[in-house]
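J.: Sequence:
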Amino acid sequence: MSQIQPGLLALTQAFVDCTYVQQADARQKSMGLAYVSAERTDLAREIAAFTERAQNARIAELEAKLAESEKRINALRSAVRAEGYA
Numbered sequence: 119m120s121q122i123q124p125g126l127l128a129l130t131q132a133f134v135d136c137t138y139v140q141q142a143d144a145r146q147k148s149m150g151l152a153y154v155s156a157e158r159t160d161l162a163r164e165i166a167a168f169t170e171r172a173q174n175a176r177i178a179e180l181e182a183k184l185a186e187s188e189k190r191i192n193a194l195r196s197a198v199r200a201e202g203y204a
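All residue numbers in the sequence shown are consecutive under the numbering used here, ending with 204.
The hints are simulated quantities; they were obtained by calculation from the structure and are not laboratory data.
For every residue, glycine included, the Cβ atom is placed at its ideal position computed from N, Cα and C.
Among these hints, one or two may not hold up.
Said to hold, decoys possible - Pair by pair, the computed Cβ-Cβ distance ranges are:
(1) A197 to I165: 43 to 49 Å
(2) A197 to D135: 47 to 53 Å
(3) G125 to L194: 28 to 34 Å
(4) K189 to K147: 51 to 57 Å
With the sequences and hints as input, model every part of the structure.
T.: Structure follows, in structure tokens:
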């Protein structure tokens, strides 16, 4: 089984905590427990959408870094050509 990134797990937990209301009776509150009531398919749909947005954001970030790296490589190639080494 693959390991979930700690940052993604924390973001997902925060999303669920904000989206779904935690409820607890007095006994559960005294033990620091609560339960979340939600429709399973709704929760699954929301988590899938959240994960897709997180993945898309990460992909965009990596594509931007790749584009910046390609610019640096092209600049270095041009510098090498200008010096007559290519």
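J.: State for each hint whether it applies.
T.: A quick look at each hint next to the structure:
1. Between A197 and I165 the C-beta distance comes to about 48 Å, which sits within the given range of 43 to 49 Å.
2. For the pair A197 and D135, the beta carbons lie near 51 Å from each other, so the given range of 47 to 53 Å is met.
3. Range check, G125 to L194: Cβ separation about 32 Å, and the 28 to 34 Å hint holds.
4. In this structure, K189 and K147 meet the distance hint of 51 to 57 Å, their C-beta atoms being roughly 56 Å apart.
Violated hints: none; the structure is consistent with every hint.
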